[in-house]
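> Chains as they are written, first to last, in the numbering used here: chain X, 1 to 156; chain B, 1 to 422.
Some hints here could point you the wrong way.
[Unchecked claim] Just some of the chain B residues that point at chain X, by a computed CB distance under 8 Å:
hint: 1; residue: 25
hint: 2; residue: 79
hint: 3; residue: 81
hint: 4; residue: 121
hint: 5; residue: 144
hint: 6; residue: 145
hint: 7; residue: 197
hint: 8; residue: 199
hint: 9; residue: 202
hint: 10; residue: 204
hint: 11; residue: 391
hint: 12; residue: 415
hint: 13; residue: 418
hint: 14; residue: 419
In case anyone wonders, no lab produced these hints; they're calculated from the structure. Ideal placement from N, C-alpha and C gives every residue a C-beta, glycine not left out.
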Amino acid sequence: MPDVRNEIVTLLNDSAMVASIATLDENGVPRSAPSPFLRLDEKGRLVHLELLETSTTHRNLLRSIWFGRPVSITLTGSGDRVLVVSGQPHKAHVSGPLFSDYYREVRARLGDADLVAVWLIEPDQVSDETYLVRKEREEELYPFHRHLDRLAVQNS
Amino acid sequence: MSLALVKMSRPSPVDELAARYPDVPRLIIVKTDVQRRGVHYAENALGLLDERLHQTTGTHIFGARDGKIAARPESLLLRDGSSIITTPTPLEENPYVVDLRDGQPWLFDEGVPMEQVDYWPAPAFYAKTSSSGVPMKNIVSARPQRLNIFPYRYCTFWNNGKGCSFCDIVEQLKKGNKELQIPAKLDPVEVGEVVGEALKEPGRFSSVFLTSGSIVGGTRPFDDEVDYYIAILKEVGKNFRTFKYPSQMIGTAFDKEQLRRLYAETGLTSFTSDIEVLDEELFNRYCPGKTEWIGYQEWKRRLVDAVDIFGRGRVNTGLVAGIELAGPHGFRSEDEALEKTLSEAEELARQGVSTVFIVWSPRPDTPLGKYRNASLDYYIRLARGLHALRVKYRLPIDHDSYRNCGNHPDSDLSRLLPLWEE
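Using the sequences plus the hints, can you model the full thing?
See below:
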């Protein structure tokens, strides 16, 4: 995977950034959910916090670490910048100093909230899904995908 | 030379089992095999152990498989957040080896790296002493998410030599007294004090666990045990704003009135009473004290009675899985053992009682210590079977899960039980 850590970090530092995580259930049905605490750790892994033991995302992440299923994280920032990161859950921290630090942070932000696990996700692919970037690329590589009216002479 | 450098030439039993049972996660198969075979800590791995950061062996009510008391990791955490509760085992018994790989502890099987693990983190209260000057970790111990209270480190079934054949609680008590200065019987007030200190660490604990040896004394048999538990649970309860708090007790199979008292007078929210083996003849043979004072059929009846009081999904029983196959009196085949065990577990599940197992770890100071435990295949089939019963009879096992215990491969599988209430 190319080193795109800087791009992810830039987006994570964007105050307008919204993150979501998509996982697969036992039947392969995708499920997307917000990931409001998402960040990158010092080893380049994405850190996703799960607040509920019975949430579908938490159970799907467990399924992923057990059976090698991929997950996908979408970061949307200002200027319609979009990065999609796919990867594999590497580890769930449920105890210890790292867990305790995040537990305190969650409660500082949300009040009487709990934390179930700190999931570390190892990215294996990052794609830039920003619309203007994708549009330019597609029109260069796949000219047959355009509607002709967009190429037609403009008659006023 | 590092013990991890010897190469294995045949396929790993774990990978064979993972291919045979694709519904069982490889991590759970690894965990089960490590429990089955034990671990040996290489010197490099022990070099990473830091008593300020990690929990070390010595506080548990039962002993290690190699019979030694020495500073080694209490147990291990896997990447999915579950624990492997295992004991140091002599190298000649072919245990897994914990050694370092890129500076991290890993499990190795005959030189092949199997899984990265973490040592259990030490809780903050382990560094403190109680008001009477006892190290707090000798009063209350910890798992990654649970507080352990072992208030009485003796079992009165041993008074007339009728302790369970796989149990080394008395031998461990002698060692604990001599080498670790662990009190044999805890003062309830002091237990409450330590729990209060433990709760100052945010996000560390999600349940309180209590167990001791059986105490037969009292107006009715086991009244003394019940009274003692109630005294402790009340002191523990003073630390909470709510009367009930997430908690589990493994006790003797108490009668209905004793169970009512436990539920009504304390914050206890679940009840476990270990029948150890699901076969009457083997129970009579290997648990003579339980047979003398309660009996096999009555033990099961009392488990069912407990469901009326604590509720479905809040009562279970534990098996020391593998003793049913040990020695000349055990089942002749694993198929036969599995059929009998699951059939009796289903009878209990139908009545609201869940069954979990621990992998029997033969300990040197016990009558059954010279025998081997069962095959990995047997334990995986047993885990699948017990989990399937919970699915069939809609029995949650939250109180004895990976968070609140961590010692049962079958309840690890049940992390993905259907959410029936939703």
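> For every hint, state whether the structure bears it out.
Cross-check of the supplied hints:
no.	hint	verdict
1	25	holds, 3 Å
2	79	holds, 4 Å
3	81	holds, 4 Å
4	121	holds, 4 Å
5	144	holds, 4 Å
6	145	holds, 6 Å
7	197	violated, 16 Å
8	199	violated, 13 Å
9	202	holds, 6 Å
10	204	holds, 7 Å
11	391	violated, 13 Å
12	415	holds, 6 Å
13	418	violated, 10 Å
14	419	holds, 6 Å
Hints 7, 8, 11 and 13 from the list above are not met by this structure, while the remaining hints are.
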